[in-house]
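Number of protein chains: 4
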Amino acid sequence: MNITVWNEYRHEKENPVVTDIYPEGIHHVIAGFLEEAGHNVKTATLDEEHHGLTEEVLANTDVLIWWGHKAHDEVEEDIAEAVKQRVLEGMGLVVLHSAHFSKVFRKLMGTTCDLKWREADDRERMWVVDPAHPITEGIGQYLEIEKEEMYGEHFDIPTPEELIFISWFEGGEVFRSGATFKRGRGKIFYFRPGHETYPTYYNKEVQQVIQNGVKWAQNEGTPKHVYGNAQPIENISEK
Amino acid sequence: MNITVWNEYRHEKENPVVTDIYPEGIHHVIAGFLEEAGHNVKTATLDEEHHGLTEEVLANTDVLIWWGHKAHDEVEEDIAEAVKQRVLEGMGLVVLHSAHFSKVFRKLMGTTCDLKWREADDRERMWVVDPAHPITEGIGQYLEIEKEEMYGEHFDIPTPEELIFISWFEGGEVFRSGATFKRGRGKIFYFRPGHETYPTYYNKEVQQVIQNGVKWAQNEGTPKHVYGNAQPIENISEK
Amino acid sequence: MNITVWNEYRHEKENPVVTDIYPEGIHHVIAGFLEEAGHNVKTATLDEEHHGLTEEVLANTDVLIWWGHKAHDEVEEDIAEAVKQRVLEGMGLVVLHSAHFSKVFRKLMGTTCDLKWREADDRERMWVVDPAHPITEGIGQYLEIEKEEMYGEHFDIPTPEELIFISWFEGGEVFRSGATFKRGRGKIFYFRPGHETYPTYYNKEVQQVIQNGVKWAQNEGTPKHVYGNAQPIENISEK
Amino acid sequence: MNITVWNEYRHEKENPVVTDIYPEGIHHVIAGFLEEAGHNVKTATLDEEHHGLTEEVLANTDVLIWWGHKAHDEVEEDIAEAVKQRVLEGMGLVVLHSAHFSKVFRKLMGTTCDLKWREADDRERMWVVDPAHPITEGIGQYLEIEKEEMYGEHFDIPTPEELIFISWFEGGEVFRSGATFKRGRGKIFYFRPGHETYPTYYNKEVQQVIQNGVKWAQNEGTPKHVYGNAQPIENISEK
Chain A
0 MNITVWNEYR HEKENPVVTD IYPEGIHHVI AGFLEEAGHN VKTATLDEEH
50 HGLTEEVLAN TDVLIWWGHK AHDEVEEDIA EAVKQRVLEG MGLVVLHSAH
100 FSKVFRKLMG TTCDLKWREA DDRERMWVVD PAHPITEGIG QYLEIEKEEM
150 YGEHFDIPTP EELIFISWFE GGEVFRSGAT FKRGRGKIFY FRPGHETYPT
200 YYNKEVQQVI QNGVKWAQNE GTPKHVYGNA QPIENISEK
Chain B
0 MNITVWNEYR HEKENPVVTD IYPEGIHHVI AGFLEEAGHN VKTATLDEEH
50 HGLTEEVLAN TDVLIWWGHK AHDEVEEDIA EAVKQRVLEG MGLVVLHSAH
100 FSKVFRKLMG TTCDLKWREA DDRERMWVVD PAHPITEGIG QYLEIEKEEM
150 YGEHFDIPTP EELIFISWFE GGEVFRSGAT FKRGRGKIFY FRPGHETYPT
200 YYNKEVQQVI QNGVKWAQNE GTPKHVYGNA QPIENISEK
Chain C
0 MNITVWNEYR HEKENPVVTD IYPEGIHHVI AGFLEEAGHN VKTATLDEEH
50 HGLTEEVLAN TDVLIWWGHK AHDEVEEDIA EAVKQRVLEG MGLVVLHSAH
100 FSKVFRKLMG TTCDLKWREA DDRERMWVVD PAHPITEGIG QYLEIEKEEM
150 YGEHFDIPTP EELIFISWFE GGEVFRSGAT FKRGRGKIFY FRPGHETYPT
200 YYNKEVQQVI QNGVKWAQNE GTPKHVYGNA QPIENISEK
Chain D
0 MNITVWNEYR HEKENPVVTD IYPEGIHHVI AGFLEEAGHN VKTATLDEEH
50 HGLTEEVLAN TDVLIWWGHK AHDEVEEDIA EAVKQRVLEG MGLVVLHSAH
100 FSKVFRKLMG TTCDLKWREA DDRERMWVVD PAHPITEGIG QYLEIEKEEM
150 YGEHFDIPTP EELIFISWFE GGEVFRSGAT FKRGRGKIFY FRPGHETYPT
200 YYNKEVQQVI QNGVKWAQNE GTPKHVYGNA QPIENISEK
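Residue numbers (numbering that gives the first Met the number 0), protein chains in the order written: chain A, 0 to 238; chain B, 0 to 238; chain C, 0 to 238; chain D, 0 to 238.
Isolated chain A, as found in the complex (with noise of 0.2 Å):
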């Protein structure tokens, strides 16, 4: 499987906390554990030219997962539009925390996609509440995570077709963690954690996620439609 990582990598070159955590970026810590698991893995960020998201390298990605943050306005009209409609045929997007308000995750989801949010280190516990879905498959009942960003209810998301994790926040709130839709012949997930002052790439079970996610996403060879003007299969009546 072909995956592109993507990250805006911007907060990791400017912030010396996030420095720390992810020296090289979070997408290098994502493309290794997921090269690691035998994938072929490219990455692209923000500053390179076409946000390294050419023609080219859309047809040849399979699978993309997206991080963006602080500069979501920065990504080009035309690429985000480009990004949606390789989606729209077939492309797997895997939507990772604050890219929730993503050019290409708002487009495609066709509502704000706001939130409530807090930087105040609380505990995060993710339930798994679709125990059959393949993107739970290696957790348990729950996954915990001791320090990370809130985010909160309401998420103005269209109703996902599957809700696979609910998290509950030590300061009082809940949020639908992890979701899957279909557009098109694509499909997404979106996944919640991964605020980048904290280590979360890093956890095991949250990488276990993440290519749960993206063998998931992966279309093998579904049917492409023909659209417009079309001739009747039948004989139509006189009428």
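In short, the hints are calculated from the structure, not lab data. Not one of these hints is a red herring.
So the derived list for chain A, only partly shown, Cβ under 7 Å to chain D, looks like this: (1) ILE138; (2) PRO222; (3) HIS224.
In this text, a Cβ means the ideal position worked out from N, Cα and C, and glycines have one as well.
With chain A fixed as given, assemble chains B, C and D onto it according to the hints.
Relative to chain A, chains B, C and D alone:
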């Protein structure tokens, strides 16, 4: 309930076949039966200033009905965006027939909303597949239309939250003809029939479904969420 | 609307703590606020003949509310089956708290309906996650109950058609506390709160949700399908 | 993967028309193409001891395929119940054609599972409506069967979690022909075609869908939840 019926209102002025059927416009016929049902109904059309959809009109509309076909592109971007925002804030939306390709619907769905079509006087039979849904009240096992434009799958929409009608077409196709979606606090009902060259909106059962849809789509006071940075409700432990 | 409130009515007669809170039974309190809201309400309890649920009573009930806990097994098989059949024919059903384990609910769900639980005075905060749903009308961002029994995930139910509330519990769990299902022509609303040792059904917001649920669950005349051997509607070609 | 193909195996022994098509039984044909695809396949039939479904057989089955028609009532209650329990624990289930009325499927659905039917050599055209779903891999825009028994809506099932195929029938009906459900840790795929008097299970595309369905239904190790009384994970405040 305050209803606004929006119509492109071009075919009726340009095509004598359509003028014969809807001399005062499709919106006039729809507004008529909704008024008879006791609602407070206004109309708005493309060629009015602001397409008849000022901020004030939108603010005072509980449910908006939308019919458009050949001039989707002439709907101004900021007005389409304002309508979308009002839906997210709670205004109901009933999307009719070729409005599947309207800017408003496509923005809310996040997909191409493409489909197959044919103008060949197909017979259409819409089967009720959700007989517990209030939008089916007063309808029998199916609703039949002698001649209509064919719309065929695949209909490139997100999975509907509720699938209410499935159409059978004489020429060999099927279509998800009645479907609901929620976006933000707004409820959306897509209803397929109503090509301009057929007298479909005079059909009593079609009228019944539109009335049911309007009633279902109305929001009578659901919660308004607050988004953004939030203080903890519970004490957070020292770590 | 004709509502029947069914209650097991055992704890109230046997446990002084419960007697103090609900001297005339939980059903009496629920019937009271629904009558005040203008409905025609009857009650029925386990120890009445036929558990108070004769064919006639069921035939004249638009929406049935069910509370049970320690005596689910004493509900006669054929009465549970008759209630299920009436739901499939269009009677609404509101299932409260420990009735998740009732025969009627389990028959309709097809799963174990099991869950985690604890009686430890947990604080419960039910967050609205579907702010377009009429069952949330009049409620704020969340509904808080100072002390309640905890119910925790995994709740072994089929994926709800609509997920309306998610509860946060002080002890670290989450729960899908408000959820809807359709079965046949019947609409079902499961609503979590209401352990017998707490005065939960006096809570005005809990009452509001139950009223909303009853209103939502009522069937005003949806199609009755015919099943079995069917003649073709269209001509079938000779082959 | 360990697959067990269960077949009633009566028509094939009693009706010469069926014997001609499936001389060694429908199960034999299905087992054949699944073995060719590399799976480890066993068969079991109604008239074997325990219907061929001992505890050991069920424990060693990853995905069970079920075909039944005229003898649903002869399936022993406790065996149907044991199969249901295994599904809730994670065994996949593929339910074919007239097995919509099997005890196992009805117990899992909670509804009557009734439908319209006709044996009149209708042409069936199954349209793909979920082109992102792995069960559609390798299929075109639709799958056509020259002659089949008609099944028509309303199909009295709970709303499927995923609707994959909708059938068009020559005589004027539609049907939700491919649909998925989850119950407990088990995944269920209902697939309509396969009346015993037609050679449907020799159709390469039908075989492809069944193979896709089996692959999709397999559970590779999702979480096993603990139910019942639970200690708090977090400290609960004194009140």
